[in-house]
Amino acid sequence: MKLTVIEPLRRGVSFKTAWAECRESATLLRYLTLRDLRLRFQDPLLGVLWVTLQPLLPAAVFATIFARILQPTTSGVPYSLFALAGFVPWTFFSTSVSTASMTFVWNANLLNKVYFPRAVLPASAMLASSVELMAGVVLVCGYSVFRGFPPRASWLLLPLLGLYVAAIAFFVSLGLATANALNRNVKFAIPFLMQVWIYASPVVYPSSFVPERSRWLLGLNPLTGALDGFRAALFGTPLNYRLLLLSLASAAAIALGSVLFFHRYEAFLAERA
Amino acid sequence: MRPAIAARGLTKQFPVQRGWDSKAAEFFLALDNLSFDIEPGQAVGIVGSNGAGKSTLLKILARILPPTSGRAELNGRVGSLLEAGAGFHPELSGRDNIFLSGAVLGMKKNEILKRLDEIVDFSGVGEFLDRPVKHYSSGMYLRLAFAVAAHIEPEILLVDELLAVGDAQYQKKCLQRMENLSQNGQTILFVSHSMQAVARLCRSALWIDRGKLRMAGPVAEVIAGYLKEGEAKTGERVWPEGHHAPGDELVRLRRVRVANAEGQTTSSINIGEEFTIEFDYDVAHDGMVLFPAIRLFNEWGTEAIWSTDSGSPLHGKVRPRGRYHCVVRFPRNLLAEGLMSVSVSVASLCPTRFHLSEPEAIHFQAIELLDGTTARGDYADSIGSVVRPLLAWTTESKPSVSFDSFRTPKAGIESRIPTPESSIQGHHDEGAS
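Top to bottom, those sequences are chains W and Y.
Following our numbering from start to finish, the first sequence increments by one per residue and tops out at 1556.
Following our numbering from start to finish, the second sequence increments by one per residue and tops out at 1471.
Since the hints were made in silico from the structure, they are not lab data.
Hints should not be assumed to be uniformly reliable.
Straight-line Cα separation of at most 30 Å, DSSO-like style, residue types lysine-lysine; simulated pairs [unchecked claim]:
#, chain 1, residue 1, chain 2, residue 2
1, Y, Lys1147, W, Lys1285
2, Y, Lys1250, Y, Lys1172
3, Y, Lys1172, Y, Lys1211
4, Y, Lys1172, Y, Lys1210
5, Y, Lys1172, W, Lys1285
6, W, Lys1285, W, Lys1299
7, Y, Lys1147, W, Lys1299
8, Y, Lys1152, Y, Lys1172
9, W, Lys1285, Y, Lys1152
10, Y, Lys1146, Y, Lys1210
11, Y, Lys1146, Y, Lys1172
12, Y, Lys1211, Y, Lys1147
13, Y, Lys1147, Y, Lys1210
14, Y, Lys1146, W, Lys1285
15, W, Lys1299, Y, Lys1146
16, Y, Lys1211, Y, Lys1152
17, Y, Lys1172, Y, Lys1147
18, Y, Lys1146, Y, Lys1211
Computed far set for chain W versus chain Y, every beta-carbon distance over 12 Å [stated by the list, open to error]:
#, residue
19, Pro1341
20, Asn1390
21, Leu1539
Which stretches of chain W does chain Y cover? Using the computed rule of at least three CB atoms under 8 Å from a CB of chain Y, they are [claimed, not checked]:
#, segment
22, 1318-1330
23, 1394-1407
Even for Gly, the Cβ is constructed at its ideal location relative to N, Cα and C.
Turn these sequences into a full structure, and let the hints steer you where they fit.
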């Protein structure tokens, strides 16, 4: 028979128990994600339109303005295609982080009524917005063929890169959502953080645009590896492997910090959210 | 056998925020060193006034809140029903919400699929199943929400105030379902403000008072103890000398109280026992014929009892100046359970003039302990009658009857159904001989 022990939690339950419970809540994750998708595509036409416009619009704006002012070198890729390949992962990242990081606060009532592994909430929000990423990848592949960059073997790596972006989005949201529940003022910082983050990532410019000396700073951003990787896989542009490894390492550090922070405060979320 | 729930020294502190800029250094002790054991298969009620810590206790056992200190062990799968409709989304259909809410309550997909028909049947939403729940009536919404909740089958079920919402039908269904669960051997911890519900569902109860365990034991004793203390303060009203007391220049009311069979002031009486309503009034002048009367109204405002001192030697006589003390004795098994209000009046006739008329002089709670000795017997459902006297019944039964009259006759065809051979075996009659 299952034994549940309830004790004061100073360091959270053991990671083993926490992990086992997360695995048991697959059903919940599934239905929460389905709920978000259902609500989003209640009007399927508008839903799809919205999902495709989200990366298209900013890409178009940047292609007409930014490209003319700064004229970044994009290794022979037309700037509009280059920008779209940046905005597809970016819009997914930014929308999923902005929604997932609010989940504990939005579901405070649920947290106070039922016990379930709390990480399910940001995870389902992230999963639900991952349709944006999938739609975006299809869009950018189509546009790529249209602009004369035919499919290549490295396109097979795109799902892997998608998983990587999704993982970063989840871990960043997990930490932010916890911080949000503990202190309400965090939510005001999130749009600001996103505004800074987009310019700190090679979304509208290639990482080669940053001077050689300070380029390692870009590597502290876990998205750098994802964005550079996306373009390398799509167009076969050269990839800076040192930057990629640095970016992966910083992603791992963020994930670890986020999980530890969440785990430390998970038990108190109901009280504080 | 190991207890299903063993709590040792459970304590919970909440920080108290005094103002905008105070550092929260003060704590409110919501639970104070609570220890108890609950045996498997028992349904245990938790009673206590608002803010006593009942819900905090359930939340700690459900792992929603961590305790500040202490420890509890729960043996078995735990399910909690702290709110009907946890996880419901108004835009989604009833069907989608069943899956969502089921998953929130810890059910696996195949468990939900297995019970889907049962849940739909139980909820009675019928053709509305695929409509968004925002179009449901509130009663329908609650029934669906409860239907999902009622079909989780944990070994330990924690239930909080489900009955506070919903109509009588809903409450009846809730209680019946929980009775079934408890008969199936589930351990149930049940918080409710309805003493009727606690008495009906549970054999034993815990009384929590300001975070501490005041009493644990058989349900009737705990409820009686809780009600006695909670209500004793308001079981009596006194108006000191002066002109603010109800009445006019001739008659003034001084005191009203409700007393139990032992003569103690109380505002909760057991309908299976005798009780008295007593009141004092002053008469300022000699020479008037006065008729004191009391009336009892139930919580819907229906007048259940009217009574005057028709049997007393003073009845219809001139009452000289002085203080009068009336004691009205009520026999056992007269009132129905519920909140009663008492009105007191003193009138003179020809012409009728009310010198004193105090409509809600005092309230008291009439409670019924479901021990089978009242007029209710073992019938556990709600009863609408205003009074509940214990009447003498005699019933006879015969061993065989024709069932013809049970059948709606079909036009022109005379049909007979064979008498079931073993449908009624014995002959029994009650009381009559």
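Cross-check of the supplied hints:
1. For the given pair, Lys1147 of chain Y sits about 20 Å from Lys1285 of chain W by alpha-carbon distance, which is consistent with the 30 Å threshold.
2. A threshold of 30 Å between alpha carbons decides the hint, and for Lys1250 of chain Y with Lys1172 of chain Y the separation of about 41 Å lies outside it, so the pair is violated.
3. The hinted pair formed by Lys1172 of chain Y and Lys1211 of chain Y meets the criterion: a straight-line CA distance of about 22 Å does not exceed 30 Å.
4. Restraint check for Lys1172 of chain Y and Lys1210 of chain Y: satisfied, since their Cα atoms lie roughly 24 Å apart, inside the 30 Å limit.
5. A hinted pair counts as satisfied when its Cα atoms are at most 30 Å apart, and Lys1172 of chain Y with Lys1285 of chain W does not qualify at roughly 38 Å.
6. Proposed proximity of Lys1285 of chain W and Lys1299 of chain W is supported: the alpha carbons are some 15 Å apart, at most 30 Å.
7. Between Lys1147 of chain Y and Lys1299 of chain W the alpha-carbon distance is near 24 Å, which keeps this suggested pair within the 30 Å criterion.
8. A threshold of 30 Å between alpha carbons decides the hint, and for Lys1152 of chain Y with Lys1172 of chain Y the separation of about 26 Å falls inside it, so the pair holds.
9. Distance check on the hinted pair: Lys1285 of chain W and Lys1152 of chain Y sit about 23 Å apart at the alpha-carbon level, within 30 Å; holds.
10. A C-alpha spacing of about 28 Å is found between Lys1146 of chain Y and Lys1210 of chain Y, which places the hinted pair at or below 30 Å, so the restraint holds.
11. At roughly 25 Å between alpha-carbon atoms, Lys1146 of chain Y and Lys1172 of chain Y fall within 30 Å of each other, so this suggested pair holds.
12. For the hint linking Lys1211 of chain Y to Lys1147 of chain Y, the alpha-carbon distance of about 25 Å falls within 30 Å, and the restraint holds.
13. Of the pairs offered as hints, the one joining Lys1147 of chain Y and Lys1210 of chain Y holds, with about 29 Å between alpha carbons and a cut-off of 30 Å not exceeded.
14. In summary, the hint linking Lys1146 of chain Y to Lys1285 of chain W is supported, as the alpha carbons are separated by about 16 Å, within the 30 Å threshold.
15. With a C-alpha separation of about 21 Å, the suggested pair Lys1299 of chain W and Lys1146 of chain Y falls inside the 30 Å cut-off, and the hint holds.
16. Between the alpha carbons of Lys1211 of chain Y and Lys1152 of chain Y the distance comes to roughly 21 Å, so the proposed pair stays at or under 30 Å and holds.
17. Taken as a hint, the Lys1172 of chain Y and Lys1147 of chain Y pair is honoured in the structure, with Cα atoms around 24 Å apart against an allowance of 30 Å.
18. In summary, the hint linking Lys1146 of chain Y to Lys1211 of chain Y is supported, as the alpha carbons are separated by about 25 Å, within the 30 Å threshold.
19. For Pro1341 of chain W, the non-interface assignment is confirmed: its Cβ lies about 29 Å from the closest Cβ of chain Y, beyond the 12 Å cut-off.
20. With a least beta-carbon separation of about 9 Å from chain Y, Asn1390 of chain W fails to lie farther than 12 Å from that chain, contradicting its non-interface assignment.
21. The beta carbon of Leu1539 of chain W sits about 24 Å from the closest Cβ of chain Y, which is more than 12 Å, so the claim that it is off the interface holds.
22. Residue count for the segment 1318-1330 of chain W with a Cβ under 8 Å from a Cβ of chain Y: 4. That meets the three needed, and the coverage hint holds.
23. With 6 residues having a Cβ less than 8 Å from any Cβ of chain Y, the segment 1394-1407 of chain W passes the three-residue criterion, so the hint holds.
The earlier numbered hints that this structure contradicts are 2, 5 and 20.
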